[in-house]
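Engineer: Just need the whole structure built from these sequences, with the hints factored in.
First to last, the protein sequences are chains Z and E.
In this note's numbering, each number is its position in the first sequence, counted from 1, plus 48.
In this note's numbering, each number is its position in the second sequence, counted from 1, plus 9.
Don't read these hints as lab results, they were simulated from the structure.
We treat Cβ as the ideally placed atom computed from N, Cα and C, and that holds for glycine.
Among the clues, some could well be false.
Said to hold, decoys possible - Here are the simulated lysine-lysine pairs, DSBU-like style, with alpha carbons at most 30 Å apart:
id, chain 1, residue 1, chain 2, residue 2
1, E, Lys76, E, Lys145
2, E, Lys145, Z, Lys222
3, E, Lys76, E, Lys263
4, E, Lys77, E, Lys263
5, Z, Lys173, E, Lys76
6, E, Lys145, E, Lys77
7, Z, Lys222, Z, Lys173
8, Z, Lys175, E, Lys263
9, Z, Lys222, Z, Lys254
10, E, Lys145, Z, Lys175
11, E, Lys163, E, Lys76
12, Z, Lys173, E, Lys163
13, E, Lys76, Z, Lys175
14, E, Lys145, E, Lys163
15, E, Lys77, Z, Lys173
16, E, Lys263, Z, Lys173
17, Z, Lys222, Z, Lys147
18, E, Lys77, E, Lys163
19, Z, Lys175, Z, Lys222
20, E, Lys145, Z, Lys147
21, E, Lys163, E, Lys13
22, Z, Lys173, E, Lys145
23, Z, Lys254, Z, Lys147
24, Z, Lys175, E, Lys77
To be verified - Covered stretches of chain E, going by a simulated chain Z footprint (3 or more residues, C-beta under 8 Å):
id, stretch
25, 86-97
26, 121-131
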Amino acid sequence: MSGAETGTLVQAPATRAEVCAVAVAESYRGDGELIASAFGTVPAIGVRLARATFEPDLVLSDGEAYGVRGTWAVGGPAEGPIESWMSFNQIFNLVWNGKRHIMMIPSQLDAHGNSNISVIGEHAKPKVQLLGVRGAPGNSVYHPTGYWVPAHSTRVFVPAVDMVSGVGHDNAAKAGPAASRYHDLREVVTNLAVLDYAPDGRLRLKSVHPGVTVDEVVDATGFDLVIDGDVQETRRPDGEELRLIREVIDPRGLRNAEMRDGEVVA
Amino acid sequence: MSDKRMTADDVVARLRSGMTIGIGGWGSRRKPMALIRAILRSDLRDLTIVSYGGADVGLLCAAGRVKKVVFGFVSLDSIPLDPHFRAARQRGEVEVAEYDEGMLMWGLYAAGIRMPFLPTRAGLGSDVMTVNPGLKTVADPYGDEVFAAMPALKLDAALVHMNRADMHGNSQFLGPDLYFDDLMCMAAEDSYVSCEQIVPTEELTADAHPSTLRISRLLVSGVVEAPRGAHFTSCAPDYGRDEAFQRAYVNAAKDPAAWDEFSTVYLTGTEDDYQRAVARFDTQEAMA
Chain Z
49 MSGAETGTLV QAPATRAEVC AVAVAESYRG DGELIASAFG TVPAIGVRLA RATFEPDLVL
109 SDGEAYGVRG TWAVGGPAEG PIESWMSFNQ IFNLVWNGKR HIMMIPSQLD AHGNSNISVI
169 GEHAKPKVQL LGVRGAPGNS VYHPTGYWVP AHSTRVFVPA VDMVSGVGHD NAAKAGPAAS
229 RYHDLREVVT NLAVLDYAPD GRLRLKSVHP GVTVDEVVDA TGFDLVIDGD VQETRRPDGE
289 ELRLIREVID PRGLRNAEMR DGEVVA
Chain E
10 MSDKRMTADD VVARLRSGMT IGIGGWGSRR KPMALIRAIL RSDLRDLTIV SYGGADVGLL
70 CAAGRVKKVV FGFVSLDSIP LDPHFRAARQ RGEVEVAEYD EGMLMWGLYA AGIRMPFLPT
130 RAGLGSDVMT VNPGLKTVAD PYGDEVFAAM PALKLDAALV HMNRADMHGN SQFLGPDLYF
190 DDLMCMAAED SYVSCEQIVP TEELTADAHP STLRISRLLV SGVVEAPRGA HFTSCAPDYG
250 RDEAFQRAYV NAAKDPAAWD EFSTVYLTGT EDDYQRAVAR FDTQEAMA
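Structural biologist: As structure tokens, this is what we get:
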């Protein structure tokens, strides 16, 4: 057991949301000087945690138009010195320049890593209009792209997405070298597991979170995940990570509102 | 030098049904809402709207003024989806050309620099290529790659809202982001700028760096002084988004009677009527 080194707050065992935040942080390990863009509360915690610990060179936006140093709490304004102007136009340029690793929230994701955030149903007359493709087509062919799925289910993990917004391995290959040259899909973190990609480009079960079984993940996935060898357990937060999450990055506990599984796991 | 001051209704009088109109701002940020409200008071229809969309798209869709939306997203930022755009799409009422956000920028830039298209990797491998059947690819003449050829998005008119301008059309943003308002104006035959305040030219740079003057009078056909003209979207640093009013806008979309009432209270009168009704709303909110 870890997590008991510092003050009383961090002596409680880690929750699932905290395990997920650390898994998000881990997916940015090794990135160096890139913009770490993250949608959702747990990813927002994860990128701040990564920068506060093992990836100090990451660039983080205040969510408006500035790159800001420091470590500030989720759900409030950024606190720290502004280090860069990152207007949308600047961000678009840096996206195409490749200087970003994004974690998006897909409404649907298939076995090859194609994501959909646009529509459910027919494009001409959708059953459900979602956001639109936003920057997903460009993000996915220009710079590292991962996904956060707060509720791992067969509604999200589907055999085929209704509209390819973010480009998967199969479609990048089909579209030719211009699409695949900088195509770089990174880990998918869910409330149950961490997924990466097998050499053939299909999603693979990399680790299950503490307290989750492989069968649970398989049952919640609408296609066959690649499972090769023994599936590891997702790393548990250490004491300093728990202190940062609980006292600095998310003192209000917003992470628990995003997760269905708030239970103690470790 | 020409005095380009005019009213919002003057701007709308220069627009025609069936036009392609670019709308500045982003999501629920610095949208030219006073100009949108003026369109709602007119009989313009069958518009093609090019926008980093928010309530501008939603309001025009709700009023049945839109033939086609050229977009990458429609969002109210703090509320992810605009209910009117969503409803119009789900009823199959509006045509769309859906592009990646960067492709949209590229199409505006192409139009602005008078190129028929610009190449990009964005869109390749995605269904943007399949839902836009006219979207073609182009081979690199120097190498082997094949790119998406984003067509120029030429606009008949652009509508943007800025913090300050002078009477000649030199326009200034004082908030954190210009968004793509400059490209909208470059891409348009005629651009109309509404602003919080029209000031003498020398005042524009009295306290602000000249780099905030990102839209030159070269590109501007008309200037409208419209205080709180971006309401209920944000217009930092002059004011933030009116979150309570935005919620009321979204809630009113939930049934036709509520929307009729919202339209009657806020969208049938003049801009002054609108601002007075919003002041009453704010007072009620403060007391609640």
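Engineer: Hints the structure violates: just list their numbers, smallest first.
Structural biologist: Of the numbered hints, all hold.
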